[in-house]
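S.K.: Produce the entire structure from the sequences given, and follow the hints as far as they go.
Going letter by letter, the sequence shown gives residues 7 to 143 in my numbering.
Please note that the accuracy of each hint is not assured.
Across the chosen pairs, the derived CB separations fall in these ranges [claimed, not checked]: (1) ASN132 <-> GLU56: 26 to 34 Å; (2) GLU56 <-> VAL23: 20 to 28 Å; (3) SER117 <-> MET30: 34 to 42 Å.
These are calculated hints, taken from the structure and not from any lab test. Idealized CB from N, CA, C, for every residue including glycine.
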Amino acid sequence: MHFIKDSVENYLETILVLSKNNNMVRAVDIAAYWDISKPSVSNAMKNLREQGLILVEENGNILLTEKGNSQAKEVLERHSKIKDFLIYIGVDPATAEEDACKMEHVFSEESFQKFKSYCHWITENNKPYSDEIEKQK
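M.R.: If you want it as structure tokens, here you go:
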């Protein structure tokens with residue numbers, strides 16, 4: 007079941023990213039992005055459509071619904087914050103990208119909100135949060 011959630015989130019995130027760079031997002035674009043077969047993407051798009059997350063226009067253009075767009079933005083935010091943090095602590099950018107793609111799916115909402123607060127704190131104070139934690143013990 008977890009794999010299905012990850013897959014849905016990956017497709018939504020991909021549609022959002024591709025739509026920022028292109029006028030149209032088609033199944034063939036998603037297939038090329040992930041280097042997977044078009045039939046696999048078509049099956050996934052059917053599933054997303056049934057869940058009310060996307061609309062597919064007659065010309066094949068794939069659009070996120072309000073619900074789909076909201077979920078896609080949440081996933082993209084998790085991905086971006088995690089990747090940026092990993093790079094900040096010295097992880098190679100390519101590795102950070104791969105790891106963020108995996109990690110973005112496993113954070114609970116509570117954990118992610120704490121993680122975001124931590125990242126914000128680092129940015130505002132320009133020092134490791136662990137120093138502050140030690141002061142509070």
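S.K.: Look at the Cβ atoms of ASN132 and GLU56 and judge whether their distance stays inside 26 to 34 Å.
M.R.: violated, 47 Å
S.K.: SER117 and MET30, beta-carbon distance inside 34 to 42 Å?
M.R.: Since SER117 and MET30 have Cβ atoms about 36 Å apart, the given range 34 to 42 Å holds.
S.K.: 20 to 28 Å was suggested as the range; check whether the CB atoms of GLU56 and VAL23 agree with it.
M.R.: The hint (20 to 28 Å, Cβ to Cβ) holds, given that GLU56 and VAL23 are roughly 22 Å apart.
The structure shown violates just one earlier hint, number 1.
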